[in-house]
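Chemist: Sequence:
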Amino acid sequence: MRAISHDDGTLTLRDLPDPEPGAGEVLVEVAAAGVNNADRQQVAGNYPPPPGASPILGLEVSGTVRALGPGVTDWSVGDRVCALLAGGGYASLAVVPATQVLPVPESLDLVSAAALPEAACTVFSNVGMLAGLRPGQTLLVHGGTGGMGSHAVLWAKALGATVITTSGGARKVQASRDLGADLAIDHRTEDFVAAVREYTGGRGVDVVLDVVGADYLGRNLEALAPNGHVAVISSSSGRVGELDLGAMMAKRATISATTLRARPLDEKAAIVAAVRADVWPFVEDGRVRPVVDSVLPLAEAAEGHRRMADGELIGKVLLTP
Numbered sequence: 001m002r003a004i005s006h007d008d009g010t011l012t013l014r015d016l017p018d019p020e021p022g023a024g025e026v027l028v029e030v031a032a033a034g035v036n037n038a039d040r041q042q043v044a045g046n047y048p049p050p051p052g053a054s055p056i057l058g059l060e061v062s063g064t065v066r067a068l069g070p071g072v073t074d075w076s077v078g079d080r081v082c083a084l085l086a087g088g089g090y091a092s093l094a095v096v097p098a099t100q101v102l103p104v105p106e107s108l109d110l111v112s113a114a115a116l117p118e119a120a121c122t123v124f125s126n127v128g129m130l131a132g133l134r135p136g137q138t139l140l141v142h143g144g145t146g147g148m149g150s151h152a153v154l155w156a157k158a159l160g161a162t163v164i165t166t167s168g169g170a171r172k173v174q175a176s177r178d179l180g181a182d183l184a185i186d187h188r189t190e191d192f193v194a195a196v197r198e199y200t201g202g203r204g205v206d207v208v209l210d211v212v213g214a215d216y217l218g219r220n221l222e223a224l225a226p227n228g229h230v231a232v233i234s235s236s237s238g239r240v241g242e243l244d245l246g247a248m249m250a251k252r253a254t255i256s257a258t259t260l261r262a263r264p265l266d267e268k269a270a271i272v273a274a275v276r277a278d279v280w281p282f283v284e285d286g287r288v289r290p291v292v293d294s295v296l297p298l299a300e301a302a303e304g305h306r307r308m309a310d311g312e313l314i315g316k317v318l319l320t321p
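Residue numbers (full-length UniProt numbering): 1 to 321.
Hint data in this document are derived by calculation from the structure and do not stem from the laboratory. Treat the hints with care, as some may be off.
[Unchecked claim] Pairs of lysine to aspartate or glutamate residues, derived as DMTMM-like cross-links and limited to a Cα-Cα distance of at most 20 angstroms, are as follows: (1) LYS157 to GLU190; (2) LYS251 to GLU222; (3) LYS157 to ASP182; (4) LYS157 to ASP244; (5) LYS157 to GLU284; (6) LYS251 to GLU198; (7) LYS157 to ASP79.
[What the hints assert, rightly or not] Restraint ranges, calculated between C-beta atoms of paired labels, are given here: (8) MET249 to VAL77: 53 to 61 angstroms; (9) ASN227 to ALA302: 29 to 37 angstroms; (10) ASP8 to GLY71: 34 to 42 angstroms; (11) GLY238 to ARG171: 24 to 32 angstroms; (12) MET249 to ALA214: 29 to 37 angstroms; (13) ARG276 to GLU303: 12 to 20 angstroms; (14) ALA214 to PRO281: 34 to 42 angstroms; (15) LEU16 to ALA270: 25 to 33 angstroms; (16) GLU312 to SER107: 50 to 58 angstroms.
What you are looking at is a predicted structure, and each value in this text was computed from that prediction instead of being measured. Note that the Cβ used here is the ideal one computed from N, Cα and C, for glycine as well.
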């Protein structure tokens, strides 16, 4: 198979032995792989793969099932699928636990489907399962045009929630509106806390999906409604911050902080099953769709990482073998 190695931080396309599916696994012939910030962090040495995972970059793929490992009965060779991986996506073949595979509807382009698994599982496990966002509630999404944020906007609107986003610059603000955001805030020129409180009549939002981390902890709490929840899924501004526990208790607020990659297989299986039950109907009817910024050949993985680093993406960069 062809795969990207990242020795000494250099992304290089190489020929490697074909992987074989083990018990409970499927072998996917990759149509596309999604590029995520975790891949960039792994190259930098800050996010190593969990024990037993492939050292190859790539946490999500789409493609067709090429072979089944022992004990796999829910999938067949030739099935159109997308999947959540702990590693191994930047390749022409990838081995995936069968419990982390999702069907790609015939109405959906197979390459574009690679933009869905990581975002769908991250957003739903945090905003749906932990925070319990419900129809009629209000969600604040920081980074509303990124891979996670764009999916969160589409899913929450399909659910029946009100969605507020923050992003930087007029182009991204307009993109958030185009995705369906009810209010799109330019964090470069506006105070998002003041904008949120004005829009909600002083009440605040029920859930915050945060990719910023330490710098936004206090401000997220200010923007939160009573009994609200802050779900932190990244810490781009730093890992350590201060929080006013008195203000948190007064609002009866809760905060969670999670990663997905290193979770045990049974937890990932439960998340994927929940996504299939509660998110996939919106994918099938078209209300939730992949948001793709650009598609590059696998050999140009370094360019994909550069595009992600410059912060101007709307949706996901995909790599095709």
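Chemist: Take the hints in turn and mark each one as holding or not.
Modeler: Each hint tested on the structure:
Distance check on the hinted pair: LYS157 and GLU190 sit about 23 angstroms apart at the alpha-carbon level, beyond 20 angstroms; violated. This hinted pair checks out: LYS251 and GLU222 have alpha carbons roughly 10 angstroms apart, not beyond 20 angstroms. For the hint pairing LYS157 with ASP182, the CA-to-CA distance comes to about 9 angstroms; that is within 20 angstroms, so the pair holds. As the CA atoms of LYS157 and ASP244 are separated by approximately 31 angstroms, the hinted pair breaks the 20 angstroms bound.
Between the alpha carbons of LYS157 and GLU284 the distance comes to roughly 15 angstroms, so the proposed pair stays at or under 20 angstroms and holds. Proposed proximity of LYS251 and GLU198 is supported: the alpha carbons are some 18 angstroms apart, at most 20 angstroms. A distance of roughly 30 angstroms separates the Cα atoms of LYS157 and ASP79; the hinted pair therefore is violated under the 20 angstroms criterion. Separation of MET249 from VAL77 is about 55 angstroms and conforms to the stated range, judged on CB atoms against 53 to 61 angstroms.
Remark: the range hint 29 to 37 angstroms for ASN227 to ALA302 is contradicted by a beta-carbon distance near 45 angstroms. The beta-carbon spacing between ASP8 and GLY71, approximately 39 angstroms, falls within the hinted interval of 34 to 42 angstroms. Under the hint 24 to 32 angstroms, the C-beta atoms of GLY238 and ARG171, about 27 angstroms apart, fit the expected range. The hinted window of 29 to 37 angstroms between MET249 and ALA214 is violated, with their beta carbons roughly 20 angstroms apart.
In this structure the supplied range 12 to 20 angstroms is violated for ARG276 paired with GLU303, their Cβ-Cβ distance being about 33 angstroms. At about 36 angstroms, the beta-carbon gap between ALA214 and PRO281 stays in the expected band of 34 to 42 angstroms. Roughly 32 angstroms separates the CB atoms of LEU16 and ALA270, a value that falls within the hinted 25 to 33 angstroms. Range check, GLU312 to SER107: Cβ separation about 30 angstroms, and the 50 to 58 angstroms hint is violated.
Violated hints, listed in ascending order, are 1, 4, 7, 9, 12, 13 and 16; each of the other numbered hints is respected by the structure.
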